[in-house]
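Chemist: Under UniProt numbering, the sequence shown has 284 at position 284, and the numbering climbs by one with no breaks.
Incorrect hints may appear among the rest.
Said to hold, decoys possible - Pairs of lysine-lysine, DSSO-like flavour, derived with a Cα cap of 30 Å:
hint, residue 1, residue 2
1, Lys297, Lys49
2, Lys49, Lys187
3, Lys187, Lys48
4, Lys282, Lys297
5, Lys49, Lys299
6, Lys299, Lys282
7, Lys49, Lys282
8, Lys48, Lys299
9, Lys259, Lys282
10, Lys282, Lys48
11, Lys297, Lys48
12, Lys187, Lys282
By construction, these hints were calculated from the structure, which means they are not laboratory data.
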Amino acid sequence: MAEQLFTLPDGRTIAYRVSGAPDGYPLVWFHGTPSSTEPPPALEAAAKKQGIRIIAAARPGYGGSGRHPGRRVVDAVADTQALNDFLGVRECLLMGWSGGGPHALACAARLPGARAALTIAGVGPADAPDLDFLAGQGDDNVEEFRAAAAGEPALRAFCDAMRSEIRAGGPAGVVAAFDTILSDVDKAATQDPANGLRDYLFHVLDDGLHAGVDGWIDDDLEFTRPWGFDLAEIDVPVLLYQGSDDKMVPYAHGQWFAKHLPAASLRAHLIEGEGHVSLVAKGAELLTELVAAGDVKVKQ
Numbered sequence: 001m002a003e004q005l006f007t008l009p010d011g012r013t014i015a016y017r018v019s020g021a022p023d024g025y026p027l028v029w030f031h032g033t034p035s036s037t038e039p040p041p042a043l044e045a046a047a048k049k050q051g052i053r054i055i056a057a058a059r060p061g062y063g064g065s066g067r068h069p070g071r072r073v074v075d076a077v078a079d080t081q082a083l084n085d086f087l088g089v090r091e092c093l094l095m096g097w098s099g100g101g102p103h104a105l106a107c108a109a110r111l112p113g114a115r116a117a118l119t120i121a122g123v124g125p126a127d128a129p130d131l132d133f134l135a136g137q138g139d140d141n142v143e144e145f146r147a148a149a150a151g152e153p154a155l156r157a158f159c160d161a162m163r164s165e166i167r168a169g170g171p172a173g174v175v176a177a178f179d180t181i182l183s184d185v186d187k188a189a190t191q192d193p194a195n196g197l198r199d200y201l202f203h204v205l206d207d208g209l210h211a212g213v214d215g216w217i218d219d220d221l222e223f224t225r226p227w228g229f230d231l232a233e234i235d236v237p238v239l240l241y242q243g244s245d246d247k248m249v250p251y252a253h254g255q256w257f258a259k260h261l262p263a264a265s266l267r268a269h270l271i272e273g274e275g276h277v278s279l280v281a282k283g284a285e286l287l288t289e290l291v292a293a294g295d296v297k298v299k300q
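Let's have the full structure, built from the sequences with the hints guiding it.
Modeler: Right, here's the structure in full:
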């Protein structure tokens, strides 16, 4: 399905896309930072085969979604519930990549009907006293979050410059623009034509940023302030995937989540040799485990 627009109860517009199996079991996809509504190729292909319908909304400020200044991570719950209600979704699975990880966890904690959540290289909380948030991040990420700490004007200048570089360079230019934050395994993943990740990354970045960088700014500012919910609230299964060779969201973030997510519901996969991008090429494997964890019945 092509991207659609939905008006939220407060009047904001949200852009969303439904893909995968048209009559399949619902999975809500939370995109990375920055990005847009299209899920990764491997996940979308697996969803079609496994009987899963993917619902992916652009967070406020990205693409066709109106900005929500001052938003918090937990605000994703109300937006997701409103869209689910509109689409007739009563229960669902949750999956978030990178900047989408915290939003998936917020919904795992508070979204009615959530059955299980999976995070891929999910970013940790910047205000956690026992997490060195910047340690292990590539140079561009360090510059980005130092700008975020300095305030919106500095962050906007950084994001505007990166946006211009990304959009001007095409698919090959994305890899060049992200040189300091892509590990060797991630660079190799973007050069593998079989997974389509290089073209995918350019497409979602270009789409998400075509109207500007408000969404990117608000994501970063969200991560540097309290998220608005407690991980201890989560009582559904959570699958945690994190690679050791990740220069965007370092291994320590995954280790922090493994320590702080409720142990009774957690299955942690802290994987040596994987990166930030390389993990999303494993869409079929990730989806199979999430479906099993949610104990849901799918039509295949």
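Chemist: Please go over all the hints and tell whether each is borne out by the structure.
Modeler: Each hint tested on the structure:
1. Lys297 with Lys49: 14 Å, holds
2. Lys49 with Lys187: Given pair Lys49, Lys187 holds - Cα atoms ~28 Å apart, limit 30 Å.
3. Lys187 with Lys48: 27 Å, holds
4. Lys282 with Lys297: 22 Å, holds
5. Lys49 with Lys299: It holds: about 10 Å lies between the C-alpha atoms, which stays within 30 Å.
6. Lys299 with Lys282: 21 Å, holds
7. Lys49 with Lys282: Distance ~14 Å between Lys49 and Lys282 Cα, so the pair holds.
8. Lys48 with Lys299: Holds, at roughly 10 Å.
9. Lys259 with Lys282: This hinted pair holds, its Cα atoms lying about 24 Å apart.
10. Lys282 with Lys48: 15 Å, holds
11. Lys297 with Lys48: It holds: about 15 Å lies between the C-alpha atoms, which stays within 30 Å.
12. Lys187 with Lys282: 16 Å, holds
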